[in-house]
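As they're listed, the protein sequences go chains F and U. Here our numbering is used: the first residue of the first sequence is 49, the next is one more, and so on. Here our numbering is used: the first residue of the second sequence is 49, the next is one more, and so on.
Please keep in mind that the hints were generated in silico from the structure rather than gathered at the bench.
Pairs involving identical chains hold if they fit within one copy or between any two copies, as the list cannot separate such chains.
List of simulated lysine-lysine pairs, DSSO-like, C-alpha gap at most 30 Å:
(1) LYS207 - LYS50
(2) LYS160 - LYS189
(3) LYS185 - LYS207
(4) LYS207 - LYS189
Here's the letter readout for the chains.
2 protein chains.
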Amino acid sequence: MKTLLIISHPDIIESRSQQYFLNSIKNFEGITVHHLESAYPDGNIDVSEEQKLLRQHDRILFQFPFYWYSSPPLLKHWQDVVLEDGFAYGTRGNALAGKEFGLIMMIGVHEKEYQAGGEELYTISELTRPFQAMAYKTGMKYLRPFSIFQFAYLEEEQKMKMLVQYWQKLTMENDDSLASRERWLIKQLENISTSEKNPKGVNVVDFAIGIMEENRDTMDDLKIVLDQMYG
Amino acid sequence: MKTLLIISHPDIIESRSQQYFLNSIKNFEGITVHHLESAYPDGNIDVSEEQKLLRQHDRILFQFPFYWYSSPPLLKHWQDVVLEDGFAYGTRGNALAGKEFGLIMMIGVHEKEYQAGGEELYTISELTRPFQAMAYKTGMKYLRPFSIFQFAYLEEEQKMKMLVQYWQKLTMENDDSLASRERWLIKQLENISTSEKNPKGVNVVDFAIGIMEENRDTMDDLKIVLDQMYG
Numbered sequence: 049m050k051t052l053l054i055i056s057h058p059d060i061i062e063s064r065s066q067q068y069f070l071n072s073i074k075n076f077e078g079i080t081v082h083h084l085e086s087a088y089p090d091g092n093i094d095v096s097e098e099q100k101l102l103r104q105h106d107r108i109l110f111q112f113p114f115y116w117y118s119s120p121p122l123l124k125h126w127q128d129v130v131l132e133d134g135f136a137y138g139t140r141g142n143a144l145a146g147k148e149f150g151l152i153m154m155i156g157v158h159e160k161e162y163q164a165g166g167e168e169l170y171t172i173s174e175l176t177r178p179f180q181a182m183a184y185k186t187g188m189k190y191l192r193p194f195s196i197f198q199f200a201y202l203e204e205e206q207k208m209k210m211l212v213q214y215w216q217k218l219t220m221e222n223d224d225s226l227a228s229r230e231r232w233l234i235k236q237l238e239n240i241s242t243s244e245k246n247p248k249g250v251n252v253v254d255f256a257i258g259i260m261e262e263n264r265d266t267m268d269d270l271k272i273v274l275d276q277m278y279g
Numbered sequence: 049m050k051t052l053l054i055i056s057h058p059d060i061i062e063s064r065s066q067q068y069f070l071n072s073i074k075n076f077e078g079i080t081v082h083h084l085e086s087a088y089p090d091g092n093i094d095v096s097e098e099q100k101l102l103r104q105h106d107r108i109l110f111q112f113p114f115y116w117y118s119s120p121p122l123l124k125h126w127q128d129v130v131l132e133d134g135f136a137y138g139t140r141g142n143a144l145a146g147k148e149f150g151l152i153m154m155i156g157v158h159e160k161e162y163q164a165g166g167e168e169l170y171t172i173s174e175l176t177r178p179f180q181a182m183a184y185k186t187g188m189k190y191l192r193p194f195s196i197f198q199f200a201y202l203e204e205e206q207k208m209k210m211l212v213q214y215w216q217k218l219t220m221e222n223d224d225s226l227a228s229r230e231r232w233l234i235k236q237l238e239n240i241s242t243s244e245k246n247p248k249g250v251n252v253v254d255f256a257i258g259i260m261e262e263n264r265d266t267m268d269d270l271k272i273v274l275d276q277m278y279g
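Start from the sequences and build out the full structure, keeping to the hints where you can.
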C-alpha cells in the first residue's frame, strides 16, 4: 500500500507537533510526504502533477491544524483546482474511486468541548462533514479521522502512544483486528532489527509487549470458555 | 442596521450569478460590499482594517460559491487571520458578540441532492457546521442561510423572486412576520418613489402586490373567525 500524506500548514517549521510526527516517519517506506506550502510557496498549484501523485497512491491523507473547524486555505485551494470534474467526479471522473481517504488533525482545544454542551458545540464528525462529502463524491472510502487534541499538554508516554497510532494510520491496513495489528507489528519489528535507524524503536518494542499481552489475555479467555464447555 | 457583505469569489467578473445580485444592490444604503479577492489580490489581508470594518456593522454576511462544500480559500484565510483570539473569542474577545451572521451561497447542484440518499449525501445545514460553530464561538446569532441552487437554470421570474429574498437577507430585520415584511416593503416602495434609479423596481411592485394579497387573505380569515364567534 502506498500512502500520500498531503500536509497543509502555513508555518510548519514552527509547529512542534507537526515536526514531532514528521521526524518519526523519515525512514518509512511507502509514504510520500507532500507539504503544500513548501511545494507551492506562491500558491500556484501544478494540477497535472498533483493528479499524477494521487493516481500513484492507494491511501490519501490530509494532515493539518484544525483552524476554524477546517483546513488552512492552501489545502482548500488544492481541492478546488486539483479535484476537477472529469478527474475526481462527473463523467469519467473516477481517478480516486476505490482509494482510501483520511484526516489527521492537530486540534488546540480539549476533546471534551467537541460535543453538544461543549464550548465548540459540535463533534469532530459533524464539523468534518465537508471532507466526508468530498470522499463520498469522489468514491473514496472514508477512514476514521485521527485527531490529536492539545498535543503540547500531553505527557511523554501519551505522545509516544499517539506516535504509534499515527504510524498505523499511515501504514496499517484499515482493519484493527488483533490479527491485523499483529501482522503490522511484526513488520515494524522486522524493520527495526534490519535497519536500527529508528530513534523511537524502543517504544515500538513496548507497544509490541502490550499487543502480545492483549493477545495472551484473549487466548486465556478462550481457553477458559473451552474448559467450561468440555471440562 | 448596517450590513457588511463579505464576498469571496476567485473570478467574480465572470460569475453571472454574482454580477446579477451585486448589480441589483448598487444604490442600497446601509450595505458595505467587500470583495476580498479585489481588496487583497496578493492575499495579504489588513487585519486591523478588517477588524475595524467588523466593529462598524451589525450584520455580517459571507457570500461565496459553495466549492467542495465550503468557501473559497481567501475567505478561509480571512477567518484564520482576522478572527483572532482576544478579538473574536477568548479573554476579552467579544468584538462580534451580539451581531448577526449569515451565509449567502451560490450552489451548482440541485437542492434535492443535499440530503441522505442524494448525490451530495448531507444537507446544507450539516455541511455548513464549521460556520455555525464559528458564529457560536464568536457569540453571533446565526441566521438561516440563503442558498441559490443552480442559478443559471432558473426562469426569469424565479430569479426575480430570488433577488427580493436577497435584498431581504441584506436589509430586513431578522423576523419574517407579516408585519415585518410589510414595514420592509413600505420602505422599499418609498425608495423607489423617491429615487426611481432601481432597474428592478417593477418587480418590487409585483412583490408588493403579493404581500398585500397575502395580508388581505389573512384579514379575511380573521374576519370569518370573528363572524363565527360573534355572528
